[in-house]
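Trainee: Residue strings, one per chain:
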Amino acid sequence: MKIKKLEERFFYLLMILSTSFLAILLLFIVSIIIYKGLPSLSWEMLSQTPKGGYYLGREGGLLNAIVGSAYLASGAVILALSVSLPLSLAMNVHLRNNKRIINSIRLILDLLWGIPSVVYGAFGFTIMIYLGIKASLLAGIITVSVFILPIMVRAMDEVMKNVPFTLLESAFSLGSTKREVAFKVVTRQCFPGIITAVLLAFGRGIGDVAAVLFTTGYTDNIPTSLMDQTATLPLAVFFQLGSPIPEVQNRAYAAALILTIIILTISVVTRFLSRKYHKTRIN
Amino acid sequence: MDNPIISIQNLNLYFGKQHVLRNINIEIPKNKVTVILGPSGCGKTSLLKTLNRLNDLHDDVKINGKVFLDNEDILNTTADITRIRKKMGLLSQKPSPLPMNIFNNVAYGLRINGIRRKKKLRPLVEKHLIEANLWDEVKDRLKDPASRLSIGQQQRLCLARGLAVNPEIILADEPTSALDPISSTVIEKQFIELKKHYTIILVTHVLRQARRIADHIVFMYMGEVIEQGSAKEFFQNPQQEKTKSYLKGAFN
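Residue numbers (numbering that gives the first Met the number 0), protein chains in the order written: chain H, 0 to 282; chain B, 0 to 251.
Don't take each hint at face value.
Once the Cα atoms are required to be at most 25 Å apart in a straight line, the calculated DSS-like pairs of lysine-lysine come out as [stated by the list, open to error]: (1) B:K231 <-> B:K195; (2) B:K86 <-> B:K195; (3) B:K86 <-> B:K117; (4) B:K119 <-> B:K142; (5) H:K160 <-> B:K93; (6) H:K177 <-> H:K160; (7) H:K177 <-> B:K61; (8) H:K183 <-> B:K138; (9) B:K93 <-> H:K177; (10) B:K118 <-> H:K183; (11) B:K16 <-> B:K61; (12) H:K98 <-> B:K61; (13) B:K86 <-> H:K177; (14) B:K142 <-> H:K183.
Just so you know, these hints were derived from the structure itself, not from any lab.
Taking the hints into account, I'd like the entire structure generated from these sequences.
Mentor: Below you can see the structure in the form of structure tokens.
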């Protein structure tokens with residue numbers, strides 16, 4: 000009896016410890032970024048592109064990288080979503096009875112998920128050379144969308160797998176076609192999960208350095224077309240952190256802070272919106 | 000029987016290697032309540048779901064035999080399955096409303112049949128909610144999510160939703176098993192009301208329910224039809240030994 004109690008105690012303690020470890024880690028990361036970045040964060044940094052000498056610690060800002068990252072991540076998310084939503088719906092509605100095909104698709108996606116992003120970057124780069132395309136926003140969008148695609152599909156797939164079978168049955172028994180069941184019933188039922196999948200992919204896409212290192216180039220200008228080179232926030236962090244000048248290094252933390260704020264804001268806003276749909280969900 | 004609406008001939012159904020339905024021959028009369036009766040696991044639900052081809056959703060099902068609905072063999076047809084399904088509304092054991100508000104749950108069936116204008120939808124939705132005896136309870140909260148209704152109300156909403164596709168037949172798979180006695184009575188009364196316009200096929204293992212509302216009875220045991228006929232005959236003068244012992248409560 001005593002051993003059982005001790006066991007309970009031990010695992011309870013372990014749970015508390017690991018939870019607080021995670022919380023402290025998060026707090027630690029955020030506070031370092033704020034502590035080092037906030038003093039360098041200024042309106043100038045958010046509203047201007049780099050002027051000559053910016054990378055030596057003089058005037059200018061990171062608007063090019065902020066806009067570039069926003070373009071890149073939204074483009075990649077839209078492109079990936081237009082493939083992954085139909086694919087995950089097809090896997091869970093149309094191909095439902097074809098376990099063999101579904102399992103192979105899941106295996107392929109899991110393998111793709113496991114490939115490091117730098118490999119996608121190198122792959123994108125090879126294709127670009129082969130096709131004769133220069134580093135550009137478009138090349139970056141395509142590379143990042145390929146990189147976040149498996150994450151998005153698998154995240155949606157996990158949610159759609161759990162749609163109650165009786166719900167599918169009743170939708171079909173009303174005489175719905177597979178397309179109607181997929182887009183009118185399953186999509187609605189899984190809406191919060193789809194949002195989460197998109198957010199997860201967006202976060203990975205906007206924060207990744209390696210996939211864009213070879214594919215987007217880097218420029219001080221805001222891109223005006225898909226074929227322009229573009230700067231991104233993760234690369235801005237990367238370049239500035241490597242500088243020997245302390246002011247520039249601090250600006251790297253400011254850039255990281257901007258990146259974090261963007262991700263947090265988008266995540267809070269979309270979660271709020273998806274809650275509106277959450278209440279019609281059937282358990 | 001003259002002019003049955005559904006006629007099932009030599010139906011066999013397998014889930015993998017399991018022989019679930021054995022050589023079923025049934026005729027179902029029009030505008031009557033036909034009760035498929037039998038102990039749990041005797042294949043009642045599988046039989047019901049064969050009628051609107053819902054067993055197609057499973058991957059390891061094998062079916063042979065013939066099911067005639069309006070002189071069309073629905074098992075061996077090249078016709079669109081959705082058209083066959085629209086001839087029947089299904090009520091399942093546990094109500095599963097669609098993930099949308101009350102109005103749209105009923106309007107869903109109308110919309111997939113091509114009725115999209117709000118002006119036309121509104122009176123039809125009202126009509127079907129009245130038919131399902133739910134209108135008075137929900138008329139002021141049509142925008143509320145269906146999941147907020149009580150489970151008895153949800154079942155009636157599913158009935159209204161099924162009626163909205165304008166079916167000839169209502170398939171009900173133990174529709175009252177998850178409901179409280181009062182809600183069950185409401186549903187049962189509704190069935191008696193609805194049989195003027197619809198043919199009702201009800202699956203149940205509750206003998207008392209069958210006594211209350213059945214016009215015609217099909218008694219099944221272990222995947223086979225043991226006895227079928229009018230409810231009066233069945234209860235007063237059962238022919239088979241198995242039926243007699245079932246009516247005495249031997250299998251429950």
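Trainee: Taking the hints in turn, state whether each one holds.
Mentor: Okay, the hints, checked on the actual structure:
1. B:K231 <-> B:K195: Roughly 20 Å between the alpha carbons, so the hint for K231 (chain B) and K195 (chain B) holds.
2. B:K86 <-> B:K195: holds (16 Å)
3. B:K86 <-> B:K117: holds (24 Å)
4. B:K119 <-> B:K142: holds (17 Å)
5. H:K160 <-> B:K93: holds (20 Å)
6. H:K177 <-> H:K160: holds (16 Å)
7. H:K177 <-> B:K61: Judged against 25 Å, a Cα distance of about 21 Å means the pair holds.
8. H:K183 <-> B:K138: holds (24 Å)
9. B:K93 <-> H:K177: Between K93 (chain B) and K177 (chain H) the Cα gap is close to 22 Å, so the pair holds against 25 Å.
10. B:K118 <-> H:K183: Distance of about 21 Å is within 25 Å: holds.
11. B:K16 <-> B:K61: holds (9 Å)
12. H:K98 <-> B:K61: holds (17 Å)
13. B:K86 <-> H:K177: Answer holds: K86 (chain B) to K177 (chain H) is near 18 Å, not above 25 Å.
14. B:K142 <-> H:K183: holds (17 Å)
Violated hints are absent here; each numbered hint is respected by the structure.
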